[in-house]
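Trainee: Listed below are the residues making up each chain.
Number of protein chains: 2
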Amino acid sequence: MFKPDIQVCFSPHSYPLFQEQNQVVVVVDVLRATSAICAGIANGVNSIMPVETIEEAKSYRQKGFVVAGERNGEVLEGFELGNSPFSFMEEKLKGKNIALTTTNGTKAIKSAYQAESIIIGAFVNLHSVTEHLLTLKKNVLVLCAGWKDKFNLEDTLFAGAVANELLSSGMFVTSCDSARAAILLYNHAKGNLESFLIDSSHRERLGKLNLQKDIEYCLTVNKLNVLPVLDKNGFIVNKTQQNNVLL
Amino acid sequence: MFKPDIQVCFSPHSYPLFQEQNQVVVVVDVLRATSAICAGIANGVNSIMPVETIEEAKSYRQKGFVVAGERNGEVLEGFELGNSPFSFMEEKLKGKNIALTTTNGTKAIKSAYQAESIIIGAFVNLHSVTEHLLTLKKNVLVLCAGWKDKFNLEDTLFAGAVANELLSSGMFVTSCDSARAAILLYNHAKGNLESFLIDSSHRERLGKLNLQKDIEYCLTVNKLNVLPVLDKNGFIVNKTQQNNVLL
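Taken in order, these protein sequences are the chains called C and A.
Each residue of the first sequence is one higher than the one before, starting from 1 at the first, in the working numbering.
Each residue of the second sequence is one higher than the one before, starting from 1 at the first, in the working numbering.
A few of these clues could be false.
Stated by the list, open to error - Think about it this way: if two alpha-carbon atoms lie no more than 20 Å apart in a straight line, the pair counts; the simulated EDC-like pairs of lysine to aspartate or glutamate are:
#1 C:LYS3 with C:GLU131
#2 A:LYS148 with C:ASP149
#3 C:LYS148 with A:ASP5
#4 C:LYS150 with A:GLU20
#5 A:LYS110 with A:GLU194
#6 A:LYS150 with C:ASP149
#7 C:LYS148 with A:GLU20
#8 C:LYS150 with A:ASP5
#9 A:LYS148 with C:GLU131
#10 A:LYS150 with A:GLU116
#11 A:LYS150 with C:GLU20
#12 C:LYS148 with A:ASP149
#13 A:LYS148 with C:GLU194
Stated by the list, open to error - Which residues of chain A face chain C? A few of them, derived with a C-beta cut under 7 Å, are:
#14 LYS3
#15 TYR15
#16 LEU17
#17 ASN139
#18 ASP149
#19 VAL173
#20 SER178
#21 ALA181
#22 LEU185
#23 GLU194
Note that these hints are calculated values from the structure, not bench results.
The beta carbon of each residue, even a glycine, is placed where N, CA and C say it ideally should be.
With these hints in hand, go ahead and build the complete structure from the sequences.
Mentor: In structure tokens, the structure reads:
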């Protein structure tokens, strides 16, 4: 019997090495882009358009979008939102469309645009992601946003959590060393993700920006029952609304 | 007081992201190129020239070199040697010059050619490598050869062993997530590297080629007191002979 496989790519830079036909790509940027996207979609945001450049984000303002952007962890000047999950939970965003540009996360999403299917993952919606993948039964690649094209620990831990759950089901296989490494790291860290990440360089960087509350939120597992996916026009929408989004 | 740092790069593909001035690069391809190079230099081979292509390797034959080459784990047709460490221990190779091309290892060495200093590492000469690095007190990058530009476990474990020893000395620092991940994986695996790697895809690949004896050798820690380094002409020589090699 055919069993789909699960692979893990540690950075968008390496994505071309892993790219395959008919692959479902789960993009993750735990701190904080994909956690914020999950929070926004769960809050009832209509759609989120990931864009790479600041100028591109600004151009969406004229189309009625709320403009969100961050570079190196800080909100961009003149932008309504950065990438704090809490800012994506504001009541006034319900039903709105957002254009979002971030240091790593939106770049990762854009790099996988040719994939058959892209879903947005984070610890906050881990179960929604794995449940969907177990139903789809297609080859899966977890694409970590990393930090400026380098490996980072927090995205790798999420990848390990996904790979662990899929392999434990007995319905998936892997011959991917990075998936195996990610699982080992996740199993080491899962008891206390936050204290484990105290030693990660990303945590050190974000610590300087006083983001303790955001980090705690982003490391909370299964907080949201939501599955953001890319629709055929490149908008991130709620999976359950994928076929009836009005833009 | 200045403390040098230790970073780990999981594949030659990502090396440009880690490249810095005044950096010592330790290249590792545990299975089997750098293990074989250590075995050859310890055996008294005069020099080893790493080359990328099969044609380039052949061209060295006319200059009196022994030609060694492997692709996907198998000896190249018409070549005297592959990359089995045992073949590099043959008595007849003492004093000889070898041109070597392999799937991953020689590519990794060539990719770092611009580095100030390149040394060749493997589990068999782990202590010689770390002892040298502790004396040098310069920034260190362990460059893993990986498998066709992807992450692999065995090279990462070696990187973790090096990073662990340098940081334990208190003389080095790191803010590199991949170094931290490598240390965690090494500490998990160090009790029995071989059984740990039973699950690695590389081991599965090599298992098919009946290389049990080679694998056991390559995972033996500190078997050799030897430090192969690149000289200014691109030849790998014994560090102690670096200044008086006759070619």
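Trainee: Which earlier hints can't be squared with this structure?
Mentor: Hint check: 5, 9, 10, 13, 14, 15, 17, 19, 23 fail, others pass.
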